[in-house]
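Q: If you want the building blocks of each chain, they are given just below.
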Amino acid sequence: MSTQKVILSIEGLGKNYEIGSAFSRGKDVVHAVENVNLEILEGETLGIVGESGCGKSTLGRMLVRLETPSAGQILFEGEDLANVPAKKLRSLRKQFQMIFQDPYASLNPRRQIGKIVEEPLRIHGMGKEERKAAAQDLLKRVGLDQNAYEKYPHEFSGGQRQRVVIARALALNPRLVVADEPVSALDVSIQAQVLNLFKDLQAEFNLTYIFIAHDLGVVRYVSDRIAVMYLGKVVELAPAEELYANPAHPYTRALLSANPRMDADDKRERIILKGDLPNPINRPTGCVFNPRCPKVQDICKVESPLLMQIGNRQVACHFPDNE
Amino acid sequence: MSLKDSSEAVFSESPGKIALRNLRKDKRSIIALSILGFIVGISFSAPLYAHFVAHTNPFQSTLDATISIHGEQKAVLEPSTTGLGLGVTPIGPTWNLGKYFLGADGQGRDVMARLLYGGRSTLLIGTTAGLLCIFLSLLIGIIAGYRRGWVDAVLSRLLDIIWAFPVYLLAISLSVVLLTSGLTIGFIHVGPGSFALPIFIIGIVYIPYVARPIRAQVLALREREFVRAAVGTGAKSSTIILREILPNIMPSVLVFIPIIVSLSMLTESALSFLSIGVQPPAASWGTIINEGLGLLYTRPIVGIAPGLMIVLTAAALNLYGDAVRDALDPKTRARGD
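Residue numbers (my numbering), protein chains in the order written: chain A, 1 to 323; chain B, 1001 to 1337.
Rather than coming from a laboratory, the hints here were simulated on the basis of the structure. Treat the hints with care, since some could be wrong.
[What the hints assert, rightly or not] Okay, the calculated beta carbon distance ranges per label pair: (1) A:G12 x B:I1162: 24 to 30 angstroms; (2) A:D145 x B:S1034: 42 to 48 angstroms; (3) A:A86 x B:L1246: 19 to 25 angstroms; (4) B:S1012 x A:D215: 32 to 38 angstroms; (5) B:E1223 x A:D145: 27 to 33 angstroms; (6) B:S1014 x A:A86: 30 to 36 angstroms; (7) B:T1239 x A:E242: 41 to 47 angstroms; (8) B:G1149 x A:D215: 35 to 41 angstroms; (9) B:S1238 x A:A71: 57 to 63 angstroms; (10) A:E79 x B:G1149: 23 to 29 angstroms.
Ideal Cβ positions, reconstructed from N, Cα and C, are used throughout, including at glycine.
One chain only, chain B, in its complex shape (with noise of 0.2 angstroms):
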């Protein structure tokens, strides 16, 4: 009997509690979240490295500044001494945090400054259009799910439009005409070198990645019956989506966060780099990458510095989303049935 007792004094974990404690211990997530959070770190705190310890200007050209390397005055840009000798040759990597510590490019400028700016606009740009994109879906997916008829047969088929477009088409399509003439919604007017361009076409061009398995699960659910049994109590349907319906599609939304941002970013990249994301002389990993390859030859760390922090961050995201999905999965951990 005390046996008996005992055992039942063992506290209770709601499913997501466990989901938690899965995901603590899971080394992927360790490794994962490290990585990111020393990205972002250094990525935001991109003002204080300019300002204090490089002490430079990364938005602004310096063709004729020298400097000192063991006491030895080198002009920034070189004239370029390969090839009919037209153009510059920048500054290599220093090395040196203090000083162009990468190098600089075409025009100057510090490129682990620039680097450090251009990790905050693309984290900032994919974040911000991930949850944008995962909201919007959210909302298609539950109304289109829960509502089903001829409202989710609109949904749908506005879904199904966008999806018929390949992503970057779309994308691409968006930017060439919005970021021209900017955009107005009623009276919000945004202008053509926002952040929240890119943020938004972004946002839409994924959402029937999400939206639709979303509509699916909510399409599931609404069968199940613990939601009929709320119907049957009279429940109105605001309650039901939010007290019995939403709580158990967290868990695939959960999953689909990182995924999500992490495609975000990558496209935002790509936008940047064709030069039709964030706008000169805002710097993003894609602008950089773009300014590179004119010195691939000569000053290759230009291309490949934001390169490997792409990489970095998406395979840092990816791991996480992974180790997400598992901690989430009902399958790994012991059913109590």
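Isolated chain A (complex conformation) (with noise of 0.2 angstroms):
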């Protein structure tokens, strides 16, 4: 993080899904991502974390242009990716690529592993020699064999073929890898392993992530700052130490007591929420997690709070803890 320049910047980012056929369309609107106004710095990496289905990989899908934003900006090199067209668009991909959850759907079982890497190659015009020595390195920078370039993903374990996803996200050199739960598929010693192969090339390519991911060892591992999502908005913002040291939304601390911890004299209470994960169509008034909120008040079921800076943090929260 030597440079502080902001590489993407988002504002009032929103995504609504409609549901329901041809005929009763405009009836249920799930709002999976609300207002989420963020700012990545060229080098960080943000972790996003939150539970399932709280819009953390809509907002990631997004952030690549994958889903188009139903409202908002977003803004890489001075143009708004949510509105650019699509030609201008498929030449600017090659500065974001994203990576995905599942390392067995994201590589196409009839293609061979150096044809894969290669292909955002090819569609940006390289040469075929030239991308072929541009795969081959690649695949040996991402730590596989030589011999890697001509098999096909059968022939590979689960850790192995994300490597090969990374390699193919890598292959454009581009500024910004969008990271959608990239060990959740993995067992936990390669968890280990393609977490530091992550951090070893963003020092080698100059990359700056956006980590997505359910688990909080992970996320705390890799982030340097990290949000913490709730039904689609972004409830905290934080840098990774002091957001686990000393959390200020009330979810936070929910979410952070329910990571297991090591120490055995830990002393701090495991908050267990109420209830379950209201739904994204009846979404509740004024603040979104006041039905599960242990320190709920009036306000809170009137009034949304805003993202407010707090110190080097941001709470959307009325009454935010500060220790």
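Dock chain one against chain two, each of which comes alone in its own frame, and use the hints as you go.
A: Right, here's the structure in full:
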């Protein structure tokens, strides 16, 4: 984090899904992501955590424009990715890539590994010999054997496949990589290897990561800053160590208390949230967290708190913890 | 270490090559291909047989011909001796490849020669119609599944319209209409006697049965992460369809080919049997069965022989289809996961 230049900035980003057939359209709307504002700094790793269905994957897919936002802007290099013509978008895609959760579904089973890694280069017009050399180099850099080039995906384990996926994502020399739960499908022993690979490559390629995960240990290990999402909203954004040491939002506290700790003397109480994640179609009024919040007050049921700067963190809560 | 090296030196096989190897080992495919090869071989040498072996023109009536069997002259068509004495009884099988091997039909034509010519028509129409159907289905299925939205809605409703008719009812109605007038598309005119008509009709009626499963597969593939990854690298739709989606639907297409070709062949025979497929004097297995219908009590071989050919060909095609399906099924081979 030598430079603190903003590489990507998102303003008021939202995504709605309309549910129902062509005849009942417009009846129900799922607010998957609502009014998210973030700035991603060059060279950092921004972790995004939250439970299933909180909209973190949708947010990640919007950032690389695999999903079209319903509202807001994604500013990248002076271009608004949310409203850029298709042709322009295709050439801009070189600069931001995505890594998916399931390494078994991420590779076309009918193509050779080398061809898979080369494909992005072919699309952007690199010559045959040149891109073969580039692909072989990439495979080496992600720690695969020389002869991986000729093989097919079914000959590889999950961890090796994820290395291929990473090699493909890096083929175009992108500046930003969005990794959507890149290690959750892998064995724990393999997770550490792949996470270290992520860290090594970040230094080598000068990458900026957006790292989406539900495993708090994984996010803490890789992230510089962490955004906590709940029901489509960012509720807290803070530097990683500070977030873990001193969570300000009641939801972050509950989330962190659910993370098992090795320390037997830990006296922090375990916070158990009542109920389930509310239905994203009928969201609670006021603060989206109010039905489950241990500190709920009357104002929480009426007024939605905005993300406010407190010290070097941002919290969306009427009554944040200040320890 | 040396052990590890040697295991890694094993060359890699594509899923397609693995399937091909499985297929080569499968006895069913060997049997089916031998039968098909034999039938196709003899059918396409029909003109050679008629000209050099049987010395006959199977498209011309020879009402007063005679042949000599064991030095005895016999008429090919003899007046009927049963019932009212009306009509004729053609000569039965001589089992002599040189002349009337399977006997003659009601017009004194060599049944064996007609059987081979008929096989040629049936196989030609069945295969072409089957491939036409697969091609159009691929086109419609991929466009509908990939584009989704209103394009899918329109194409799917069109398929529903075809689907709503029973296959034979639709084929018969189309045939009856088109056979009287021929078909004119733009400046291309297809006459009523052309093979293009049955090919076109049969090619159309089976489209929904192939296009729908293909559309469903494309819809599912579109959501797969490797397709999203291709979108994410900036690939155009045409690239994604050709390089990511098409190779992954090819296995099901390959399984469909023998089945649809066999169905097309059966449909062609049925239409020809009803005199609305291949038009006389041209022969197909269906028209020969139709001719054999009137001779069923005196010379049953005329109807039975083409019937057997149809059964044999369809059975061989289905057997081959089964073998292809098993060879391509990932569950039957060891997973490298």
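Q: Can you let me know if the beta-carbon spacing of B:S1014 and A:A86 is within 30 to 36 angstroms?
A: holds (33 angstroms)
Q: Given a hint of 19 to 25 angstroms, does the C-beta separation of A:A86 and B:L1246 actually sit inside it?
A: holds (22 angstroms)
Q: Holds or violated: the 42 to 48 angstroms window for the beta-carbon distance between A:D145 and B:S1034?
A: holds (43 angstroms)
Q: Given a hinted range of 23 to 29 angstroms, is it respected by the beta-carbon distance of A:E79 and B:G1149?
A: Given a distance of about 27 angstroms, which is inside 23 to 29 angstroms, the answer is holds.
Q: Could you check the hint for me, namely that B:S1012 and A:D215 are 32 to 38 angstroms apart, CB to CB?
A: holds (34 angstroms)
Q: Go ahead and decide if the range 41 to 47 angstroms is satisfied by the Cβ distance of B:T1239 to A:E242.
A: holds (45 angstroms)
Q: Taking the CB of B:S1238 and the CB of A:A71, does the distance hold inside 57 to 63 angstroms?
A: violated (31 angstroms)
Q: If I claimed the Cβ atoms of A:G12 and B:I1162 lie 24 to 30 angstroms apart, would that claim hold in this structure?
A: violated (48 angstroms)
Q: Taking 27 to 33 angstroms as the stated bounds, is the beta-carbon spacing between B:E1223 and A:D145 within them?
A: Distance hint for B:E1223, A:D145 holds at roughly 31 angstroms.
Q: Please test the hint of 35 to 41 angstroms on the beta carbon pair from B:G1149 and A:D215.
A: At roughly 37 angstroms between Cβ atoms, A:D215 and B:G1149 fall inside 35 to 41 angstroms, so the hint holds.
Of the numbered hints stated above, those contradicted by the structure are hints 1 and 9, listed in ascending order.
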